[in-house]
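Work out the full structure: start from the sequences and follow the hints.
Line order of the protein sequences matches chains A and B.
Quick note on numbering: our numbering labels position 269 of the first sequence as 269, and the sequence is numbered without any gaps.
Quick note on numbering: our numbering labels position 446 of the second sequence as 1446, and the sequence is numbered without any gaps.
These are computed hints drawn from the structure, not numbers from a lab.
Check before you lean on any hint, since a few could be wrong.
Said to hold, decoys possible - Under 7 angstroms between C-beta atoms, here's a sample of chain B residues computed to sit facing chain A:
(1) Y1098
(2) S1203
(3) D1232
(4) S1316
(5) V1321
(6) R1322
Beta carbons are placed, not taken as given, at the ideal position from N, Cα and C, and that holds for glycine.
In case you want the letters, here they are:
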Amino acid sequence: MSVADYDITIGLEIHVQLATKTKMFSPIETYFGADPNTLVGPVDLGLPGTLPVPNAQAIHYGIMLGLAFNCAIADRLVFHRKNYFYPDLPKGYQISQFDEPLCGPGNFGGVRIHRVHLEEDAAKLTHAGSSGRIHDSDASVVDFNRGGTSLAEIVTEPDIHSAEQASEWLRLLRTTVRQLGVSDVNMEEGSLRCDANISIAPKGSGVLGAKTELKNMNSFRFIERGIRAEVARQAAILDAGDTVEQETLHFDPRTEAITSMRSKEDAHDYRYFPEPDMVPVVVTSEMVDKAKAAMPELPHEREARFEALGVEPGAARQMSWQPELGDLFEEALAADPAHAKALAALITNELVARLEDGDLTQSKATPASLAQLVALTADGKVSTSGARTVLDTLVASGGDPAQIIEAEGLGAIGGGDELTPIIQAALDANPDVAEKLRGGDMKPIGVIIGAVMKETRGRADGKEVTKIARGLLGL
Amino acid sequence: MAQSESITAAIKTTATEQIAAIQAGALDARELFDAYRERAAADPNNAFTWVASETPAELPAASTPLAGLPVAIKDLFCTEGVPSQSGSKLLEGYLPPYTATAVQKLIDAGSTSHGKTNQDEFAMGSSNENSAFGAVLNPWDPSRVPGGSSGGSAAAVAAGQAPWALGTDTGGSIRQPAAFCGLVGLKPTYGSVSRFGMIAFASSLDQAGPITRSVADAALLLSHMEGKDPRDMTSIGLREPIEVPTRTDLTGLRIGVPEELSGEGIDPGVRASFEAALEQAKALGATISTIHLPNAPHALSAYYVLAPAEASSNLSRFDGVRYGNRLEAEDGSLIGMYTRTRTEGFGAEVKRRIMLGTYALSAGFYDAYYGRAQQVRTKIVEDFADAFSQVDLIATPTAPTTAYELGAKSSDPLSMYLGDFCTVPMSLAGIPAISIPSGLADGLPVGLQLAGPAFSENLILGAAHALEQAIGFDTAGAIR
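Have a look at this one:
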């Protein structure tokens, strides 16, 4: 059997580092890129006698996340201790949430959300030595800057069925969280981290296979590749008649190798119990109302609004999931609201194709110039093909579309007076094509259009050429 | 001790009297501080783990509320730059970078610490024999224990090495040593004093409080310790300011004596002193009735599940990674370092409780132990609520015995735990309770415990003051 013969079931666990000014339970400021162990106070080091105090901004952000994912918001916030020893965990326990998460259940982008809860991050461990793992490293150093920073953990139900869906959904999640302003959601800086629970079963069998947990894939590309690699690994095991073992796995993006981190046998007993250093926080309706008031327009709402303007669904989604495209679209539309659909198409098809990684900062075209170009095209002042040439110039050096058309002689050749002799010449030069067209086979018309375009340097309109050619051929 | 007669006489007076004398210009604060510091440094009872090497160049002004009086601080309070070891070898020499809120508040009110006091390691013990820095002797009889875990604080005050002291109480650790050393010990309502900077034993039970020579002193010290602290989410402060207790009668006061905490297991000498105190309360106008706390007999079992469970987690931070004494393993491994640091750093009682607590929280046992113990705790809270609908205060002996001989119970943890059965129910309920001396039995002090509803400190202090005046116990009886 091949991978295609299996149903794939994926659930994601996403950690989002919240952009709070201070840490989750300590008054120390936090930001990315500071020298190691400079953003550290007594609470962050777990010094004797220190106590945690929850961060109101983190709670606010947690509620906003819950609202964005259409989650039920709990009446109270209760923290638990998750106990285990590790050098990145200064207290010997992580303060997290256990059986009463702040948010859940919910639904977002077609995937059910199991829960969203708040917790503190561990410190960052770096292992000197070849393997990069603690067990055979020469020495390990700890940076407590990250220790205690505020995290939201988002857990989905197993509603994802392919690597592509996983990464597409994660992109929506990232855009949404960024729009909310609650996190930088930057995978390279670790403010967005993703683990995937993956299981496969023979197609249509309806059973859920044993699941494995693939840890900490730190880019969208790695997530797709990691899931694909793990699905292939599981398929190979099942194909060989063996069973998949439930375990935690590590994906190495360089080699694409998947290695076991720990199996069920040495699973931790975390001894969760209610954090006695804190009392439950009552989540008041005022707190929820405040979070509601702070909610910006979210990508799926923007998408619906764009579609209502007549924009093609694909373009509407692209411009709402990539908000900088949506912002450009809206600015251009403000200059001239008449051609939303064509403007969206120009941005998502033509403009993006001219930019590396769709990076808008590479373009010198102003929003108003894009709107003007679309209007000129719609008015027949420039052909579609001519407009592409104008766009090349706009992206490279900016300017005014009308002036570029004038300066480069790209104005559309309108009436038949000018075009008819050129088309006739093209038909004469291609008698076999003319013959076929005369016989009613319009397929080779492209040859004639191409020849006319060449002659006019793209200033002719394809439809106009076809119309005139048919006349000349007596069709 | 070559100290002047006038200073020795001043040391026998209470802190309240000393402050009045300093403020009246009749007593020199520096001379008094020097005297206490010298007495602490001599330390015949091993009550101190650190003593200031000199008196500060400038003492707080006489006009401050605490007039520059020294205070002895239990080792487990973090004090900036001063060893704070919680009686543990693992933290030997540990110098915190900050000061506990309760201590800072006393400093702000014009006090200065002249010494840190010995205690049971991480406050786990009732005899002060579980200290890495040696057992503390009872100033009333040096062959006997001073009680615990705040044994050093009690011994220091009883021996005139400090006018008063800070202790902490988790299941009786202020009240029982106060009883054994003939002093006043107050465990306030849970949440009234900040825990920030107290090296934790059991977070939901730990509470700081004063150990003093008089009820008025306890009221004064508490008034400068209590208060909501933004760094301790469980702190709320008291609802009303602490008043200087002046009450001399108990007219109209209803005192309940719970049968479950005053019957079986109380030594005859303690019982006699307790009953005499009840007679005096009656003579002062109180009505005495027998009441019931039906779940109190289960309190000890619940406590010895909950407190170790919290402790097992609270003490996980002592792993040798960031502070404290790290002991490397021969194989150089991380697990080996953890194991050796903790095996050699913790004493037997601490390890016993870590194991008990870890077991109680383990998967498959949580419901039967931790979960059940929490249910018992809820029942005990309800018992007290019922009781306080019938009576104003509850009276019990503080401990079933007087101070016992060193070593008498140290090899039998269970009999040691049983000594806490009168004090633990109030800890589980989070309510305030005071121990005052009710007299002597065979020459050793006996403690009377008065407990009231949450935030009833003024009521408790008032009643305790009236009884204190009537009983007339000499809390300077062990000062030499």
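Hint by hint, here is what the structure shows:
1. Y1098: holds, 6 angstroms
2. S1203: Holds: closest Cβ of chain A sits about 4 angstroms from B/S1203, inside 7 angstroms.
3. D1232: holds, 5 angstroms
4. S1316: holds, 2 angstroms
5. V1321: For B/V1321, the interface hint holds, since the closest Cβ of chain A sits about 5 angstroms away, which is under 7 angstroms.
6. R1322: Status holds, d = 6 angstroms.
Every hint from the earlier list agrees with this structure, and none is contradicted.
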